[in-house]
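The listed protein sequences derive, respectively, from chains C and H.
Numbered per the numbering used here, the first sequence spans residues 4 to 117.
Numbered per the numbering used here, the second sequence spans residues 3 to 118.
Because the hints were derived from the structure by calculation, they are not lab data.
Just so it is clear, CB atoms sit at the ideal spot from N, CA and C, and this is done for glycine as well.
Please note that a few of the clues may not be correct.
[As the list claims (entries may be wrong)] Some but not every residue of chain C turned toward chain H, in silico, with C-beta under 10 Å:
hint, residue
1, T48
2, Q54
3, Q57
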Amino acid sequence: KQEVTQIPAALSVPEGENLVLNCSFTDSAIYNLQWFRQDPGKGLTSLLLIQSSQREQTSGRLNASLDKSSGRSTLYIAASQPGDSATYLCAVSPSSGGSYIPTFGRGTSLIVHP
Amino acid sequence: DGGITQSPKYLFRKEGQNVTLSCEQNLNHDAMYWYRQDPGQGLRLIYYSQIVNDFQKGDIAEGYSVSREKKESFPLTVTSAQKNPTAFYLCASSSPGLAGGQNEQFFGPGTRLTVL
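My request is simple: use the sequences and hints to build the entire structure.
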């Protein structure tokens, strides 16, 4: 059974720092990996989707990498801003198994203070 | 605009009542999902449907029921059998990938259910 772990569980940084959020998974038979952002009391917003054949994806100040062989993905946030404060979740979709249900990590709660 | 809508945003239930949460999508996605989110527990899958008129139980289906009569709609009923229904409920959808798997998953804004 796929297990997804996100470290750290919480992070507090001053504005302007570059930071890295980690996501690890136990089964490398994945179809894609998706990073989400969730603000308090809101739904999940898709940030980046990396297909299993890709190594990284970029959107603005965000860069996500994928290393299937080691079961790891990182989300890099450049020049962090207070508006980046949220919970970040990663989800791994399987490439086999029939149901193709994504497995979610528990998230990293990020606070960027001015 | 394409997306997923959930209603109501807030819902209050009395003990012994059944309540239904609405989820509608206009993304033309085949697959739809219901998740429950509790503080410190992450997302837990309640039910999912990969095609109209078919759905499967997730990890915590007891006390819940769903229907999938239309591609666009996947309502969730929280029955009186669900002993601790107070939670944040999220609906999602996705389309199938070309070589198996599911493509990008999109989420609605959520419904917060409180038992009085």
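Next item on the list: Identify every previously stated hint that the structure contradicts and give their numbers, smallest first.
Entry: Violated: hint 3 alone.
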